[in-house]
Amino acid sequence: MIDWTFDLLLAGGLLGLAWQIVASRILFRSVVLFIVFGLLMAVTWARLAAPDLALAEAAIGAGITGALLLSAYRALLPDRDDGGEGGSPPPAVPPWAAVGVAVLVGVLIAGIGWAVVGLEPPEQTAGRLALAKLEASGVENPVTAVLLNFRSIDTLSEVVVLFVAFLAARVVAQDLVHAGPGDWLRASRREPLLVQPLIAFIAPMTVLAAGYLLWAGASQPGGAFQAGAVLAALGVLLRLTGRLRPTEETSLPERLVLVGGLVLFSAIGLASAGVASAVLEYPPGWAYELILLIETALTLAIALPLVLLFSGSGGLRGEVR
Amino acid sequence: MTQAAFYSLIAGALAGIGIYGLITQRHLLRRILAVNVLGNSVFLLLVALARRHPDYVDPVPHAMVLTGIVIAVSATAFALVLARRYYAETGLNHLPEDEE
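First to last, the sequence lines map onto chains U and X. Numbering of the first sequence is given in our numbering, commencing with residue 1 and proceeding in unit increments. Numbering of the second sequence is given in our numbering, commencing with residue 322 and proceeding in unit increments.
FYI, nobody ran anything at the bench for these hints, they're computed from the structure. We put the CB at the ideal spot given by N, CA and C, even for glycine. You may find that some hints are simply not true.
Just the calculated beta-carbon pair ranges, DEER-fashion [said to hold, decoys possible]:
hint, chain 1, residue 1, chain 2, residue 2, range
1, U, 212, X, 409, 39 to 47 Å
2, U, 185, X, 409, 42 to 50 Å
3, X, 322, U, 263, 47 to 55 Å
4, U, 74, X, 392, 24 to 32 Å
5, U, 212, X, 403, 34 to 42 Å
6, U, 119, X, 403, 51 to 59 Å
7, X, 392, U, 171, 13 to 21 Å
Covered by chain X, per the in silico footprint, the following chain U stretches (three or more residues, Cβ under 8 Å) [to be verified]:
hint, segment
8, 58-64
9, 140-148
10, 190-204
11, 208-216
Computed from the model, here is a short list of chain X residues facing chain U with C-beta under 8 Å [claimed, not checked]:
hint, residue
12, 327
13, 337
14, 344
15, 365
16, 366
17, 377
18, 403
19, 408
20, 411
21, 414
Here chain U stands alone, though its shape is the one from the complex:
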């Protein structure tokens, strides 16, 4: 049977943190607790038998989102000292109305879940079909099979969304001095002694971890999303320590990486329409190779926009210390 103690502790932690995030009086506290909330969500995914999600949440939900939030928090700090958060007006909606709406929405979501759990599970579901046809997909990890084969159109659209978010962010971005985590600091000889050895150790290890996640995604938890997020974290680290300098211009290699995943994915999908029976269906016998190729391009096409969104720049240049 399920050990309920752990579930109760986990649920209590999630609810307590969520309440602190929305209701805490100190904004910085909310932001930091949101990062903790992301980590607790990762534990929850692991508890609910979704290790792929746990990896992605720890790297993206808690890691990248946390870095973005902290950098935005710094930028939104009021210059003038008028106490707290720059004088936001009190809420216009009376608290009882807000509580009423919140309870309604909560009951609706919980009610949907409760009703679905209570139903007799259907014999034939998409998930069961995916598991039954797993051998035909070319990979052994069912989540990767769904993402890159059975429902690859979703993954293709998702990369489009990420790309569009990057483009839109470039349109409204501020100049480099104010964008991202702020003014770029050249990595100088005055930086703490341990930074350089630490980066010399972490950078190759992170690349190795990303490569492993990408490779393992075919048969175990992992894949392009997790690998891309880990690479993006490395980019954030290098940007913050001054190893990467932000620029307005996007270089040709960067442009190629940004659109590479999209172009390659679409090209293979369209070309398959001639060889196989439908668009985005892989020709028989080639599924594994094509999935690996697409995932490699996707890893880079996910990592680079995330780093650039954090950096608030159009491109990044390596900087020799």
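The hints should help you fit chain X onto chain U, whose structure is shown.
For chain X alone, coordinates are given in the frame of chain U:
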């Protein structure tokens, strides 16, 4: 009560908290945080329901949520850039229609 039912209820409670924060808070960063809490509650509902079958775990909702996590960080990043630009232009960290 099964694990799926238990976590569905938790998802409902999280959604309520997220909506409450979205309505009562006016600071842009706090609203973005509240929307993220709301999004996570929907992810939790999907993953909890993937676990309702006695004999297997449904991989389709997992794939949907994995896609959703990346979409959520894209949208959050764009919202943060918008909020920063807005603050730089106006010096306000809440929207004008929220004024009394």
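Here's how the hints hold up against the structure:
1. A beta carbon spacing of about 41 Å between residue 212 of chain U and residue 409 of chain X agrees with the range 39 to 47 Å that was offered as a hint.
2. Roughly 21 Å separates the CB atoms of residue 185 of chain U and residue 409 of chain X, a value that falls outside the hinted 42 to 50 Å.
3. For the pair residue 322 of chain X and residue 263 of chain U, the beta carbons lie near 49 Å from each other, so the given range of 47 to 55 Å is met.
4. As the Cβ distance of residue 74 of chain U to residue 392 of chain X is approximately 25 Å, the hint placing it in 24 to 32 Å holds.
5. At about 36 Å, the CB distance of residue 212 of chain U to residue 403 of chain X agrees with the hint of 34 to 42 Å.
6. At roughly 41 Å, the beta-carbon separation of residue 119 of chain U and residue 403 of chain X lies outside the given 51 to 59 Å, and the hint is violated.
7. Between residue 392 of chain X and residue 171 of chain U the beta carbon distance is about 19 Å. The supplied range of 13 to 21 Å therefore holds.
8. Coverage of a stretch by a chain is defined here by at least three residues with a beta carbon nearer than 8 Å to that chain's beta carbons; for the segment 58-64 of chain U and chain X the count is 3, and the condition holds.
9. Counting residues of the segment 140-148 of chain U whose C-beta sits closer than 8 Å to any C-beta of chain X gives 5, which meets the bar of three, so the coverage hint holds.
10. Counting residues of the segment 190-204 of chain U whose beta carbon lies closer than 8 Å to any beta carbon of chain X gives 0, which falls short of the minimum of three for the stated coverage.
11. Remark: the segment 208-216 of chain U is not confirmed as covered by chain X, as 0 of its residues place a Cβ nearer than 8 Å to a Cβ of that chain, below the required three.
12. Checking residue 327 of chain X against chain U: minimum C-beta separation of about 6 Å stays under 8 Å; hint holds.
13. Here the hint on residue 337 of chain X is kept, as its CB sits about 3 Å from the closest CB of chain U, short of 8 Å.
14. Checking residue 344 of chain X against chain U: minimum C-beta separation of about 4 Å stays under 8 Å; hint holds.
15. Contact between residue 365 of chain X and chain U, as hinted, is supported at the beta carbon level, the nearest pair being about 7 Å apart and thus within 8 Å.
16. Evaluation of the residue 366 of chain X hint against chain U yields a held restraint, the C-beta minimum of about 5 Å falling below 8 Å.
17. A distance limit of 8 Å between C-beta atoms decides the matter here; for residue 377 of chain X the minimum to chain U is near 6 Å, and the interface restraint holds.
18. Checking residue 403 of chain X against chain U: minimum C-beta separation of about 6 Å stays under 8 Å; hint holds.
19. For the restraint placing residue 408 of chain X at the interface with chain U, the shortest Cβ-Cβ distance is roughly 5 Å, inside the 8 Å limit, so the hint holds.
20. Because the smallest distance between the Cβ of residue 411 of chain X and any Cβ of chain U comes to about 11 Å, over 8 Å, the interface hint for this residue is violated.
21. Because the smallest distance between the Cβ of residue 414 of chain X and any Cβ of chain U comes to about 5 Å, under 8 Å, the interface hint for this residue holds.
Of the hints listed earlier, those the structure fails to meet are numbers 2, 6, 10, 11, 20, in rising order.
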